[in-house]
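If you read the sequences in order, they're chains D and R.
Residue numbering for the first sequence follows our numbering, beginning at 85 and increasing consecutively.
Residue numbering for the second sequence follows our numbering, beginning at 82 and increasing consecutively.
Everything labelled a hint here was simulated from the structure, so no lab data went into it.
One should not assume that every hint holds.
[Unchecked claim] With a Cα cut of at most 30 Å, we get these calculated DSS-like pairs of lysine-lysine:
id: 1; chain 1: R; residue 1: K122; chain 2: D; residue 2: K163
id: 2; chain 1: D; residue 1: K141; chain 2: D; residue 2: K163
id: 3; chain 1: D; residue 1: K147; chain 2: R; residue 2: K122
id: 4; chain 1: R; residue 1: K122; chain 2: D; residue 2: K141
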Amino acid sequence: EDQVTQSPEALRLQEGESSSLNCSYTVSGLRGLFWYRQDPGKGPEFLFTLYSAGEEKEKERLKATLTKKESFLHITAPKPEDSATYLCAVQGGSSNTGKLIFGQGTTLQVKP
Amino acid sequence: EAGVTQFPSHSVIEKGQTVTLRCDPISGHDNLYWYRRVMGKEIKFLLHFVKESKQDESGMPNNRFLAERTGGTYSTLKVQPAELEDSGVYFCASSQGASPSYTFGSGTRLTVV
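Make the full structure from the sequences, and use the hints.
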């Protein structure tokens, strides 16, 4: 069964303190791994798609990397506006649709 | 470009009543998805429409849930009769192609009391 586990559940950082969020997955034939950001009261907002091990994507202070078992979302010198819940999701090879399997998310709080 | 619109944003109903949630996708997006998040759990897939056809409804929990997409435009999700465990946030998302880099709506928070 396809499964996604994110850690830690919650993370508190000081502004400028870099860190990484982890997403471990088991899936039958990875078609894509997705990172989303979710703010309170809003729907998830798409950040990145990674398709194969070794791939990396960057956007401002965020960098996503992918191995055969996990993905990391690295946050460099975070700012308070980076505070949000970060969601990881996978699309498995058994899915012939755009169906995603989500992890529970990591809630990030960045203090000034 | 207008985003994905969902309404109502909140709904409180009694157990046994019927509720209908609506989603208006981004214009021109053929793919429409329903997901939900119940308290303390991860977001889970419910179903996927391509235009007006159900491509995948493997996530629908039981026959109390009925989803429709009239004319391939907006979609409705009806829960009848509602049970306590149906409480949660229901998200709709849409995309142009089948890739899941789709756009989500803000969700409908459903509370069944």
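Okay, the hints, checked on the actual structure:
1. K122/R x K163/D: Status holds; Cα separation ~28 Å.
2. K141/D x K163/D: holds, 19 Å
3. K147/D x K122/R: holds, 26 Å
4. K122/R x K141/D: Distance ~28 Å between K122/R and K141/D Cα, so the pair holds.
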